[in-house]
Amino acid sequence: EDQVTQSPEALRLQEGESSSLNCSYTVSGLRGLFWYRQDPGKGPEFLFTLYSAGEEKEKERLKATLTKKESFLHITAPKPEDSATYLCAVPFGNEKLTFGTGTRLTIIP
Amino acid sequence: EPEVTQTPSHQVTQMGQEVILRCVPISNHLYFYWYRQILGQKVEFLVSFYNNEISEKSEIFDDQFSVERPDGSNFTLKIRSTKLEDSAMYFCASSRDRLISYEQYFGPGTRLTVT
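In the order they appear, the protein sequences are chains A and B. Positions 460 to 568 (the numbering used here) are the ones given, in order, by the first sequence. Positions 97 to 211 (the numbering used here) are the ones given, in order, by the second sequence.
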């Protein structure tokens, strides 16, 4: 069964404490993996697309990596403004994105 | 920077009433989508729309739902007879091309509350 699973559900870090979020997927023929950030009561904000195993993308304190079975979102020296829910999504079908349940990240000053 | 906009930001309606949620996608985008997110749950795909017709829909998108692009800028989602379980955030998204090549950009959402 095609699936997207994220872990942990929630993560609390001290400001400056680096960590990683995980997104594992089962799909035949990956056509991309998308990372989004979602603030409370807001729409998902696009961060990265990864297409092939070994690919990496960076934006400020975030780096996304992809293997054949999972993706990691590494956050380096996070700041309180990085607090949000981070969603990963994979296309199943022609156009629809299937989202994971997200990781709620809290950075404590 | 271009963005997807949605109106209203919050809609309260009574069960059985019709609601129309409105979206203005990014201007050079060709594919349009609706998703919903029930409080505390995943973002779920509802429907995709291209060239004035539905290209894909989920099992959630039953006969109570319809979409329309009434003019060159707006994209709407209509729920004919709302139910309590339709209460959710509804997100519109657009992309320049098909998902396989291009990212989907989301609007801020409409919070629909059915009483």
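The set of hints was computed from the structure by calculation and includes no laboratory data. It should be emphasised that the depicted structure is a prediction, and the values quoted were computed from it without experimental measurement. Among the clues, some could well be false.
To be verified - In the BS3-like style, the derived pairs of lysine-lysine whose C-alpha atoms are separated by at most 30 angstroms in a straight line are: (1) LYS516(A) <-> LYS179(B); (2) LYS174(B) <-> LYS516(A); (3) LYS518(A) <-> LYS138(B); (4) LYS527(A) <-> LYS174(B); (5) LYS138(B) <-> LYS522(A); (6) LYS153(B) <-> LYS501(A); (7) LYS138(B) <-> LYS501(A); (8) LYS501(A) <-> LYS179(B); (9) LYS538(A) <-> LYS501(A); (10) LYS522(A) <-> LYS501(A); (11) LYS153(B) <-> LYS527(A).
Quick rundown of the hints versus the structure:
1. LYS516(A) <-> LYS179(B): 42 angstroms, violated
2. LYS174(B) <-> LYS516(A): With Cα atoms ~38 angstroms apart, LYS174(B) and LYS516(A) exceed 30 angstroms; violated.
3. LYS518(A) <-> LYS138(B): 25 angstroms, holds
4. LYS527(A) <-> LYS174(B): Distance ~39 angstroms between LYS527(A) and LYS174(B) Cα, so the pair is violated.
5. LYS138(B) <-> LYS522(A): 23 angstroms, holds
6. LYS153(B) <-> LYS501(A): 23 angstroms, holds
7. LYS138(B) <-> LYS501(A): 14 angstroms, holds
8. LYS501(A) <-> LYS179(B): Distance of about 23 angstroms is within 30 angstroms: holds.
9. LYS538(A) <-> LYS501(A): 20 angstroms, holds
10. LYS522(A) <-> LYS501(A): The given pair, whose Cα atoms are some 22 angstroms apart, holds under the 30 angstroms limit.
11. LYS153(B) <-> LYS527(A): 28 angstroms, holds
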